[in-house]
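Trainee: Top to bottom, those sequences are chains A, B and C. Going by the numbering used here, the first sequence opens with residue 180, and the numbers climb by one from there. Going by the numbering used here, the second sequence opens with residue -16, and the numbers climb by one from there. Going by the numbering used here, the third sequence opens with residue 173, and the numbers climb by one from there.
By construction, these hints were calculated from the structure, which means they are not laboratory data. Among the clues, some could well be false.
[To be verified] A few chain C residues that face chain B, going by a derived Cβ cut-off under 10 Å, partial list only:
| id | residue |
| --- | --- |
| 1 | 301 |
| 2 | 302 |
| 3 | 331 |
| 4 | 500 |
| 5 | 503 |
| 6 | 602 |
| 7 | 605 |
[Said to hold, decoys possible] Restricting the straight-line Cα-Cα distance to at most 27 Å, the calculated cross-link-like pairs of lysine-lysine (DSSO-like) are:
| id | chain 1 | residue 1 | chain 2 | residue 2 |
| --- | --- | --- | --- | --- |
| 8 | A | 325 | C | 609 |
| 9 | A | 185 | C | 381 |
| 10 | B | 46 | C | 265 |
| 11 | C | 618 | A | 492 |
| 12 | C | 409 | C | 265 |
| 13 | A | 492 | C | 563 |
| 14 | A | 348 | C | 409 |
| 15 | A | 386 | A | 285 |
| 16 | A | 185 | C | 618 |
| 17 | C | 377 | A | 181 |
| 18 | C | 622 | A | 326 |
| 19 | C | 197 | A | 185 |
| 20 | A | 185 | C | 663 |
| 21 | B | -14 | C | 499 |
| 22 | C | 369 | B | 47 |
| 23 | C | 500 | A | 354 |
| 24 | B | -14 | C | 506 |
| 25 | C | 245 | C | 268 |
| 26 | C | 664 | A | 181 |
| 27 | C | 265 | C | 499 |
| 28 | C | 663 | A | 181 |
| 29 | C | 249 | C | 337 |
| 30 | A | 185 | C | 265 |
| 31 | C | 584 | B | 47 |
| 32 | C | 409 | A | 449 |
| 33 | C | 500 | B | -14 |
| 34 | B | -14 | C | 504 |
| 35 | A | 181 | C | 197 |
| 36 | C | 198 | C | 265 |
| 37 | C | 265 | A | 181 |
| 38 | B | 47 | C | 409 |
| 39 | A | 280 | A | 471 |
| 40 | B | 47 | C | 654 |
We put the beta carbon where it would ideally sit given N, CA and C, even for glycine.
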Amino acid sequence: MKNVLKSIIFVLILYLLVTLISYCLLPHDSVRKYGIIKTSIYEILGEKENTIDSVIIGDSLIYSGISPMEIWHNYGITVFDLAKSAELIEDSYKNFNIAIKSQHPKIIFFESNVLYREAKNKPWFYVWQELYKTYFPITQYHNNWKKYLFTNLNDSMYYSKINVYKGFKYITKTKPGLKLDYMKERNKINIPKENQEYFQKIFDLCKDNNVKLILISTPNMKSWNYGKYLGTKELAQKYNLEYIDLNVDNPLNIDWKTESRDGGSHLNYKGALKLSNYIGTYLQETNLFTDKRNDSAYESWNEAYNIYLEYLK
Amino acid sequence: MEKLINILEELNPDVDYANCEDLVDGRYLDSLTILSLISEIEDNFGVVIPTVEIIPANFNSAKKIWDLILRLQEEE
Amino acid sequence: MSYFDVVYFLAFLPIVIIVYSLLPKKIKPLILLIASLVFFFLYSRWLIVFIIISALSIFLAAKKITKIENEKKEAIKDLDVLTKSKVKATYIKKKKLILIITVLFNVAFLFYFKYLGFFTGVLNSLIKIFNVSNGFKIIKHLAPIGISFYTLSAISYIVDIYHGKYECENNFLKLLLYLTFFPTLVEGPITRYNEVKDTLYEGNKVTYKSFCFGYQRILYGIFKKMVIADRLNIFVKIIFNDYNNFSGPIVFLGAIFYTILLYMEFSGTMDIVIGSAEIFGIKIPENFREPFFSKNISEFWSRWHISLGLWFKDYIFYPVSLSRGVKKITSKVKEIFGMRVSSLLMGAIALFAVWSLNGLWHGAGYQYLFFGYYHFFLILMGNIFEPLIAKVCHLLKINRQNWFYKLIQIIKTCLLVFIGELFFRANNLTSGLQMMKQIITNFTFKGFNKTVITLGLDIKDFIIIGISLIFILIISILKEKKIEIRENLSKKHLVIRWLCYYALILSIIVFGAYGEGYVPVEPIYADF
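The shape of chain A in the complex, shown without the other chains (with noise of 0.2 Å):
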């Protein structure tokens, strides 16, 4: 009984220096407001507060294709990528909820992926991963001891807690695309009601916070294809949506075959940079943005540009 209880002492000190510590690892300003749990599985609480115009919401096609860094180095836009790797669009909508609250975009862009993706078959890996980082989210952030220790020790290297992809995801591996014709006629396929309820309330939240909503289809020749195509444009014209298609008559003119990264599904660095350009263009274009490049309130955006330059090397 003795025995029992020295272990049970044991594990509740074990886990008061553990939240102790994470406490010292965490990006500090975001966790006194949000505490620990949130701020390590929503990145984007790490942004100050009001700092960034647009937000992305999809699945890994999005963090594959879109670089915040490169859209804030060529436009002075910040941007930020919500996705997830397989995300189901109930996420998406929390993700999203959360965003809002400390960030107010007027553009958000929603990838036609999630629209598609079926909550039934949540794999159960994909659960024990959000528990893993919900209750034990040091494991995401200890190696920012290096901030911290040794710090009198004069090297190049920078340590820094800045999020410098913003949600992009660098990866230079080719390999090429061959299904060309992907996006041959055929019918339409619907979006499944549940998906389609989703929509709704993703739809009444960005209504409610004054937030553009546009939906937009990646270049993807794996999982996407006419029939969804037609599926998507249906929607956008029911809730009378802009809706940006990248793929009939491949207007990015993607070369699939040094531009994906596994054989038509994923765009990769290269792509990354046509697709981020666009959407850049494409904001600066609204005229709803200024050119913050030069403004002091965002250096951190200029310093994370070149930890990225780095990160690129």
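Fit chains B and C to the known structure of chain A by using the hints.
Mentor: Same frame as chain A, now just chains B and C:
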């Protein structure tokens, strides 16, 4: 017994065979030396040492080796 | 589920411990068996039938051999000496036949799963040389987990039974547990039945002490792997894939780091294995004994992957060197050249067999065979030149027990080991040879300092690696001096003890090389 000690000393003269208790575990006899030792024993004492008997417990001291030889001679 | 998976030490193992503790002593070993089968199933699904077949084959064969042995004893009871040996021989013949069939049967599975691809490849290249046909299709199979390990355990059991080393096991489930026991299943140690049977089937209680000691050892293993091995992995990967771009010293540093990585990964796994078993009061023999304190290569192999070395010694080295054929050859040589040459020859033949098989055991590939023959060569040379070195030292009045002499020997051994492991890790034999060429022909320290910190690890990573290695070195020295660290620690004041545990756990969490930017080392030995 004396004959055995002579054989051992020929193989590795740096060891005090009368008192050493960890010939194998202390790496005084490595596996190649043990091979020489076995063939010497087989020639000199007219026994055949089967492979199962080649375990550290039987070779860790001169006394143990001597016991093994006596046991094998009896079994013959 | 690898042993380093959080699921293993925070979910699987605790569940087994709880169920095990709740049930009565008699059923306890059965729980271990069920846990082991579940563990196996999680890895290899229905390939589980193969391990059961293996266990069944040695179980039945052992019983049959024991029966023949008993019949033999009965039959020769009242016979005179001459007929006795005649009758004996017929029984031994029967026994031997069963032994050979069983061993071949088990080796056949191993061959089928692991080596078929390699040998069809070899055959195909031969066919190409002679231009006979297009060759055969290379089939690759998913092997049952741990097949290289449990097959050797199975062979050791049946051979020992044949020699009458111990009594055969009459309970099939017990024998199955011996082969499948989940801590030792994936990466060994290759246990012997008589070493583990006393504790394995006891159903010992999980005590507070065994629980704490077990988990301490597990934590130490995780530390070695996650803080050191996984961190070095980044560096090692870059060097071995891109060796052409680096100067000699950096490539060699890659080999050194790989050797450290391999040791931390493998011995760390062994810490988890032995620690897990310890919780249930089961004693598993050690697989490492501070190998980097070895003074020559043959000593290194008696301290590194001990269970494999001992297996080869008992079941290949001695049987081959004392076999009738080899004896015949060597006795002739002895008449002409004397004892030293003959025993060297005898050893050389056996060593050649051992290292061919050792190389192949590590993997079907030319680089592994090369790895084997490299060590064969070093050990043989060591034995040939040993008397010469002894003489030279004697003449020059060098004291070989001197610490400085020992240190030089240790450094020499380490360098040789690094080179061996370079070939072991190389993507194939050609790139291994090219890396060696790179080390020798491009040996310049120009730009060394600058390049080193651009290979995925920065100065802070190196500091952490350095501190961790010093920590492990201190523990190794204490172990080498036969000081029981955990026993000593358990006598210290609670505060000190707990501070140690917290430091270890937190350093794993904070300094562990996991998460974004790190790729953990694959369990290296699990593939062998």
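Trainee: Does each hint hold? Answer for all of them.
Mentor: Here is how each hint holds up against the structure:
With a least beta-carbon distance of about 38 Å to chain B, the hint placing residue 301(C) at the interface is violated under the 10 Å criterion. The beta carbon of residue 302(C) comes no nearer than 40 Å to any beta carbon in chain B, farther than 10 Å, and the hint placing it at the interface is violated. The interface hint given for residue 331(C) is met, as the beta carbon of that residue sits about 9 Å from the closest beta carbon of chain B, less than 10 Å. Because the beta carbon of residue 500(C) sits about 12 Å from the nearest beta carbon in chain B, more than 10 Å, this interface hint is broken.
The interface hint given for residue 503(C) is met, as the beta carbon of that residue sits about 8 Å from the closest beta carbon of chain B, less than 10 Å. Taken as an interface hint, residue 602(C) does not check out: its beta carbon lies about 33 Å from the nearest beta carbon of chain B, beyond 10 Å. The closest approach between the C-beta of residue 605(C) and any C-beta of chain B is roughly 29 Å, which is over the 10 Å cut-off, so the hint fails. About 37 Å separates the Cα atoms of residue 325(A) and residue 609(C), which puts this hinted pair outside 27 Å; it is violated.
For the hint linking residue 185(A) to residue 381(C), the alpha-carbon distance of about 13 Å falls within 27 Å, and the restraint holds. In summary, the hint linking residue 46(B) to residue 265(C) is not supported, as the alpha carbons are separated by about 34 Å, beyond the 27 Å threshold. In summary, the hint linking residue 618(C) to residue 492(A) is supported, as the alpha carbons are separated by about 22 Å, within the 27 Å threshold. Under the criterion of a C-alpha separation no larger than 27 Å, the hint pairing residue 409(C) with residue 265(C) is inconsistent with the structure, at around 53 Å.
Proposed proximity of residue 492(A) and residue 563(C) is contradicted: the alpha carbons are some 58 Å apart, above 27 Å. For the hint linking residue 348(A) to residue 409(C), the alpha-carbon distance of about 21 Å falls within 27 Å, and the restraint holds. Of the pairs offered as hints, the one joining residue 386(A) and residue 285(A) holds, with about 11 Å between alpha carbons and a cut-off of 27 Å not exceeded. Between residue 185(A) and residue 618(C) the alpha-carbon distance is near 57 Å, which puts this suggested pair outside the 27 Å criterion.
Simply put, residue 377(C) and residue 181(A) have alpha-carbon atoms about 18 Å apart, close enough for the 27 Å limit, and the pair holds. For the proposed pair residue 622(C) and residue 326(A), the alpha carbon gap of about 21 Å is at most 27 Å, so the pair holds. Between the alpha carbons of residue 197(C) and residue 185(A) the distance comes to roughly 26 Å, so the proposed pair stays at or under 27 Å and holds. Distance check on the hinted pair: residue 185(A) and residue 663(C) sit about 16 Å apart at the alpha-carbon level, within 27 Å; holds.
Note on residue -14(B) and residue 499(C): the hinted pairing holds, with a Cα-Cα distance of about 23 Å set against a maximum of 27 Å. Proximity of residue 369(C) to residue 47(B) is assessed by CA-CA distance (about 26 Å); at most 27 Å being required, the pair is judged to hold. For the hint pairing residue 500(C) with residue 354(A), the CA-to-CA distance comes to about 62 Å; that exceeds 27 Å, so the pair is violated. Simply put, residue -14(B) and residue 506(C) have alpha-carbon atoms about 20 Å apart, close enough for the 27 Å limit, and the pair holds.
A hinted pair counts as satisfied when its Cα atoms are at most 27 Å apart, and residue 245(C) with residue 268(C) qualifies at roughly 16 Å. At roughly 18 Å between alpha-carbon atoms, residue 664(C) and residue 181(A) fall within 27 Å of each other, so this suggested pair holds. Of the pairs offered as hints, the one joining residue 265(C) and residue 499(C) holds, with about 21 Å between alpha carbons and a cut-off of 27 Å not exceeded. Pair hint residue 663(C) plus residue 181(A) holds up; C-alpha atoms about 17 Å apart against a cutoff of 27 Å.
Simply put, residue 249(C) and residue 337(C) have alpha-carbon atoms about 21 Å apart, close enough for the 27 Å limit, and the pair holds. A threshold of 27 Å between alpha carbons decides the hint, and for residue 185(A) with residue 265(C) the separation of about 62 Å lies outside it, so the pair is violated. This hinted pair does not check out: residue 584(C) and residue 47(B) have alpha carbons roughly 35 Å apart, beyond 27 Å. For the hint linking residue 409(C) to residue 449(A), the alpha-carbon distance of about 25 Å falls within 27 Å, and the restraint holds.
Between residue 500(C) and residue -14(B), the direct Cα distance comes to roughly 25 Å. Compliance with the 27 Å bound is thereby established for this hinted pair. Between residue -14(B) and residue 504(C), the direct Cα distance comes to roughly 24 Å. Compliance with the 27 Å bound is thereby established for this hinted pair. Annotation: proposed proximity of residue 181(A) to residue 197(C) holds, straight-line Cα distance about 23 Å (limit 27 Å). Distance check on the hinted pair: residue 198(C) and residue 265(C) sit about 39 Å apart at the alpha-carbon level, beyond 27 Å; violated.
A hinted pair counts as satisfied when its Cα atoms are at most 27 Å apart, and residue 265(C) with residue 181(A) does not qualify at roughly 62 Å. Taking the CA atoms of residue 47(B) and residue 409(C), the gap is about 51 Å. The hint is violated against a cut of 27 Å. Under the criterion of a C-alpha separation no larger than 27 Å, the hint pairing residue 280(A) with residue 471(A) is consistent with the structure, at around 22 Å. Restraint check for residue 47(B) and residue 654(C): the C-alpha separation of about 25 Å stays at or below 27 Å, so the hint holds.
Of the numbered hints stated above, those contradicted by the structure are hints 1, 2, 4, 6, 7, 8, 10, 12, 13, 16, 23, 30, 31, 36, 37 and 38, listed in ascending order.
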